Amino acid sequence: MRSVKNHLSLIIALFTIVFTMQIYIIVDRTVTAYESNLNEDYSIVVVTQNKVETDTLVALSSKIENAEEISTKEVIDHLQSQMKQRHIDLLKLSLPHFYSLHLDHYPTPSEIKDLRKKLEKNSDITRVEDFAKSHDTLYKLLLLFKSVVVLFAIAVFAVTSLLVMKEMRIWQFQHNERMSIMAMFGAPVWMRSAVLFRLSIVDAIIASLLAIATFTYADITEVGSEQLKSIGVDILLFDPLNDSILIIGVALSLSIILATLIVIGHKEEV
Amino acid sequence: MDKVIFAQDLSLAYNTEEAIISKATFSINSGDFVFITGASGSGKSTLLRSFYGALKPANGSLLVGGVEVNNISTAKLNFLRRHIGIVFQDYKLVKEWTIDKNVALPLIINGYAKDVSDIQVDKLLNHVKLSHKTSKYPQELSGGEQQRVAMARALAHNPILILADEPTGNLDDYSSRLIWNLLEGANTQLKATVVIVTHHIPEDLAVDYKHFNIEGGTIYEVS
Chain A
233 MRSVKNHLSL IIALFTIVFT MQIYIIVDRT VTAYESNLNE DYSIVVVTQN
283 KVETDTLVAL SSKIENAEEI STKEVIDHLQ SQMKQRHIDL LKLSLPHFYS
333 LHLDHYPTPS EIKDLRKKLE KNSDITRVED FAKSHDTLYK LLLLFKSVVV
383 LFAIAVFAVT SLLVMKEMRI WQFQHNERMS IMAMFGAPVW MRSAVLFRLS
433 IVDAIIASLL AIATFTYADI TEVGSEQLKS IGVDILLFDP LNDSILIIGV
483 ALSLSIILAT LIVIGHKEEV
Chain B
1195 MDKVIFAQDL SLAYNTEEAI ISKATFSINS GDFVFITGAS GSGKSTLLRS
1245 FYGALKPANG SLLVGGVEVN NISTAKLNFL RRHIGIVFQD YKLVKEWTID
1295 KNVALPLIIN GYAKDVSDIQ VDKLLNHVKL SHKTSKYPQE LSGGEQQRVA
1345 MARALAHNPI LILADEPTGN LDDYSSRLIW NLLEGANTQL KATVVIVTHH
1395 IPEDLAVDYK HFNIEGGTIY EVS
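Protein chains in written order, with this note's numbering: chain A, 233 to 502; chain B, 1195 to 1417.
Treat the hints with caution; some may be incorrect.
As the list claims (entries may be wrong) - As a list, the in silico SDA-like pairs of lysine to any residue whose alpha-carbon atoms are at most 20 angstroms apart:
#1 B:K1295 with A:R410
#2 B:K1270 with A:W422
#3 B:K1308 with A:M423
#4 B:K1289 with A:Q404
#5 B:K1308 with A:A426
#6 B:K1289 with A:E409
#7 A:K237 with B:E1290
#8 B:K1295 with A:A426
#9 B:K1295 with A:M423
#10 B:K1295 with A:S412
#11 B:K1295 with A:W422
#12 B:K1250 with A:P420
#13 A:K349 with A:D287
#14 A:K295 with A:I320
#15 A:K237 with B:K1289
#16 B:K1295 with B:L1271
#17 B:K1308 with A:P420
#18 B:K1289 with A:H239
#19 B:K1295 with A:P420
#20 B:K1330 with A:R410
#21 B:K1385 with B:K1330
#22 B:K1289 with A:I402
#23 B:K1250 with B:D1203
#24 B:K1295 with A:E409
#25 B:K1289 with A:S412
#26 B:K1289 with B:E1334
#27 A:K398 with A:V380
#28 B:K1295 with A:V427
#29 B:K1270 with B:N1352
#30 B:K1250 with A:S412
#31 A:K349 with A:S366
#32 B:K1289 with A:N238
Worth flagging that the hints you see were computed from the coordinates, not collected in a lab.
Since this is a predicted model, take the numbers as computed values, not measurements.
All chains should be built: construct the whole structure from the sequences, respecting the hints.
Right, dumping it as structure tokens:
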């Protein structure tokens, strides 16, 4: 019974670690998808007095993915009923050219600042509108969200690691006597530690399977998917192949490290 | 006669403390039945520990089975221990294992096949009169029974050397007699060298024996 309790403690600790890791992966995917959505909607508008080739604008910075001219036709059509044709023709001649610049990723505030400086240096460009204020608010919110999740993950990892360490000491105490007796009869290290490694691996596999089952269930029942879709984020909550491999890999590595520490820390007591 | 244990100017100490055994020179031959006596704290158990490499000599030389214990590698030490059977006053049985698995331990370590190991374990448990308790755990047995299991384990792999630290220290007369019989049998029938640390040498022994006594860190043979 005591042994089952000890195993349960390690299984729960390992489960918590891989569970938190997977939550972090989901949040990271969400943030990346949301950033991508924001980037699709975000563009910098530049104004030039003369017509400029869009390729020329793209060449101004590696961050600019593409540029397109914003048509003024709609504005002129709208004014046609209110102005004389002569004035409209004059307006057409004096109206500047507007270009929308799309970037290859959602920029940081400093990247926007640098880009703005670069664009303003160009003699053809008379004005740059980067919508920095609304961009900043959104970006900082995103960063805050990311930081909170990372802090939460670190806190959980730290607390759980302490639990694992405590478990390690209990295991060390439990297995020391048996390992010492085996050593007394000439058992090599791998033989003395075989049970320990077998138990660690079994516990890691149980913890991994529990985590995989939890996330598979969440994926099937679409827990949280609706809320994510409502903010325009459609991501894979749980990738059955890659995420399962990662979960099993992390749980196994941790438990094998744990068992190795016990073996290294073992002192013969006979 | 081959020397199973040979000590020359052997000193033993824990850490940097004063030597418990100082400059001891003695030898134990193959087939000897040896008692080591001395007052409590005289260093009897410490000397026995050095015979299976649990304590390295502070000074001097100690050869066990022709192997120098002083600078022995882990692999060589494991090899040496696979030819030694050890019995302790507190039995040192694995509590999570059944009796038969405890007895089979040296056989598993020495790589015996399962069927050979099973036959040997049955034979030994029958010999120590515990064949009806094979699937019991150590804590389910009396002290005398546990020591008989420890004896069976020590004999399982037909060791060349049996080391016993106060093997009858906690036992009643009946159990003590059984243990002495087993040790005598190991010496006369299996031709094992037997080294026993004890406070009390039984008077009704059926074998010739050597007697070393430790006093004030010095070891000498009692004639």
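Taking the hints in turn, this is what the structure says about them:
1. Taking the CA atoms of B:K1295 and A:R410, the gap is near 12 angstroms; set against the 20 angstroms cutoff, the hint holds.
2. This hinted pair checks out: B:K1270 and A:W422 have alpha carbons roughly 15 angstroms apart, not beyond 20 angstroms.
3. Of the pairs offered as hints, the one joining B:K1308 and A:M423 holds, with about 16 angstroms between alpha carbons and a cut-off of 20 angstroms not exceeded.
4. Pair hint B:K1289 plus A:Q404 holds up; C-alpha atoms about 15 angstroms apart against a cutoff of 20 angstroms.
5. Simply put, B:K1308 and A:A426 have alpha-carbon atoms about 18 angstroms apart, close enough for the 20 angstroms limit, and the pair holds.
6. Straight-line distance between C-alpha atoms of B:K1289 and A:E409 comes to about 9 angstroms, which keeps the hinted pair within the 20 angstroms bound.
7. Pair hint A:K237 plus B:E1290 holds up; C-alpha atoms about 16 angstroms apart against a cutoff of 20 angstroms.
8. Proposed proximity of B:K1295 and A:A426 is supported: the alpha carbons are some 16 angstroms apart, at most 20 angstroms.
9. Taking the CA atoms of B:K1295 and A:M423, the gap is about 15 angstroms. The hint holds against a cut of 20 angstroms.
10. Taking the CA atoms of B:K1295 and A:S412, the gap is about 16 angstroms. The hint holds against a cut of 20 angstroms.
11. With a CA separation close to 19 angstroms, the supplied pair B:K1295 and A:W422 stays within the 20 angstroms bound.
12. With a C-alpha separation of about 19 angstroms, the suggested pairing of B:K1250 with A:P420 holds against the 20 angstroms cut-off.
13. At most 20 angstroms may separate the alpha-carbon atoms for a hinted pair to count; A:K349 and A:D287 meet this at roughly 19 angstroms.
14. With a CA separation close to 37 angstroms, the supplied pair A:K295 and A:I320 exceeds the 20 angstroms bound.
15. Restraint check: the Cα-Cα separation between A:K237 and B:K1289 comes to about 18 angstroms, which is no more than 20 angstroms; the hinted pair holds.
16. Straight-line distance between C-alpha atoms of B:K1295 and B:L1271 comes to about 23 angstroms, which puts the hinted pair past the 20 angstroms bound.
17. Restraint check for B:K1308 and A:P420: the C-alpha separation of about 19 angstroms stays at or below 20 angstroms, so the hint holds.
18. Restraint check for B:K1289 and A:H239: the C-alpha separation of about 18 angstroms stays at or below 20 angstroms, so the hint holds.
19. For a cut-off of 20 angstroms, the pair hint linking B:K1295 to A:P420 stands: about 18 angstroms separates their Cα positions.
20. Only pairs whose Cα atoms come within 20 angstroms are accepted, and B:K1330 paired with A:R410 is accepted, the gap being roughly 17 angstroms.
21. Between B:K1385 and B:K1330 the alpha-carbon distance is near 31 angstroms, which puts this suggested pair outside the 20 angstroms criterion.
22. A hinted pair counts as satisfied when its Cα atoms are at most 20 angstroms apart, and B:K1289 with A:I402 qualifies at roughly 16 angstroms.
23. A threshold of 20 angstroms between alpha carbons decides the hint, and for B:K1250 with B:D1203 the separation of about 14 angstroms falls inside it, so the pair holds.
24. Among the hinted pairs, B:K1295 with A:E409 is consistent with the structure: their alpha-carbon atoms are about 16 angstroms apart, no more than 20 angstroms.
25. Taking the CA atoms of B:K1289 and A:S412, the gap is about 13 angstroms. The hint holds against a cut of 20 angstroms.
26. Only pairs whose Cα atoms come within 20 angstroms are accepted, and B:K1289 paired with B:E1334 is accepted, the gap being roughly 10 angstroms.
27. Distance check on the hinted pair: A:K398 and A:V380 sit about 27 angstroms apart at the alpha-carbon level, beyond 20 angstroms; violated.
28. For the hint pairing B:K1295 with A:V427, the CA-to-CA distance comes to about 14 angstroms; that is within 20 angstroms, so the pair holds.
29. Taking the CA atoms of B:K1270 and B:N1352, the gap is about 19 angstroms. The hint holds against a cut of 20 angstroms.
30. Proposed proximity of B:K1250 and A:S412 is supported: the alpha carbons are some 17 angstroms apart, at most 20 angstroms.
31. The suggested pairing of A:K349 with A:S366 holds, with an alpha-carbon distance near 19 angstroms, which does not exceed 20 angstroms.
32. A hinted pair counts as satisfied when its Cα atoms are at most 20 angstroms apart, and B:K1289 with A:N238 qualifies at roughly 17 angstroms.
Hint compliance for this structure: hints 14, 16, 21, 27 are broken, all remaining hints hold.
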